[in-house]
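To convert, note that position 111 of the sequence shown is 110 in numbering that gives the first Met the number 0; the numbers rise steadily by one, no gaps.
Hints listed in this document are in silico derivations from the structure and should not be mistaken for laboratory results.
No residue lacks a Cβ here, since even glycine has one placed at the ideal position from N, Cα and C.
Be aware that a few hints might be false.
The following label-pair restraints were derived from C-beta to C-beta distances [as the list claims (entries may be wrong)]:
(1) E57 - Q283: 56 to 62 Å
(2) H68 - L247: 32 to 38 Å
(3) V193 - W272: 38 to 44 Å
(4) W42 - L199: 24 to 30 Å
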Amino acid sequence: MTAPDALAHAGAFTTLAVIVGLAVGSFLNVVIHRLPKIMEREWRAQCAELAGEPALQEPKLSLASPRSHCPACGHRIRLVENVPIVSWLALRGKCSACGAKIGVRYPLVEAVTGIAFGYAAWRFGFGAAALGAMFFLAALIALTAIDFDTHLLPDAITLPLLWLGLLLNVEATFVDLRSAVIGAAAGYLVLWAVYQAFKLATGKEGMGYGDFKLLAAIGAWLGWQMLPFVVLASSFVGAVVGVVLIVLARRGRDVPIPFGPYLAAAGVIALFWGRPITDYYARQFF
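Construct the entire structure; sequences and hints are all you get.
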């Protein structure tokens, strides 16, 4: 294949990845909105069962049912109103039936997912690495938004993410399998140890078990070698954002700030640029 042909194929794959990413971003908005509600219903049903009480009868809710609708008036979203980004712009961020505002997060998630998928396609080229990276990125985007909203990192996302990372690295897609397995175990245990030490020192819980599982998943994808970078980068980003929120949003220091989004951000940085960054500093200091 000549260089122009290779460039054309790369451009076509990147363009396709952006389009797919926009569509996946639209689905992620459904996941972000509904998955915490589904979890809450499951918890209520389990609590009722343990208490020997009848479960509360609630309308069926899943990621597929009912069809997307306006939460304010119940208007069903038509196909033409569900085109990523374009529909939000055409509707000027409002429901076509009642005029209720549609949050800017919807097109933002779609745009971020489209850009992330496109960059992954350009960065890795067609193959298992690019497709795996897209799944990794989609999961991190969903987890980030859910954690911001609810301070939850659902097992329904973190655990499949962990196992898929191990499976992909059977063929050393990102790192060798040994590094991936050690990364998964070390990722969990590092934050678990920090959690236990903080709880012992202060009597408070500094983070949740979802954070342990997320770092374990990142370790399974990128290997144990990236864990120091991920922990340092997430702590730095979290500290900067926390200070900004305290100063600009006047949030009290006692208001909990979810750590998952900063782990996810560090995971994305490590996926694309972690190796060159760590290699650079290794050369500078060692």
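Tested hints:
1. E57 - Q283: 56 to 62 Å: Holds: the Cβ-Cβ distance is about 58 Å, inside 56 to 62 Å.
2. H68 - L247: 32 to 38 Å: For H68 and L247 the Cβ distance comes to about 35 Å; the hint holds.
3. V193 - W272: 38 to 44 Å: This hint is violated: roughly 25 Å between Cβ atoms.
4. W42 - L199: 24 to 30 Å: Taking Cβ atoms as reference, W42 and L199 lie about 28 Å apart, which means the hint holds.
Hint 3 from the earlier list is the only one contradicted by this structure; the remaining hints agree with it.
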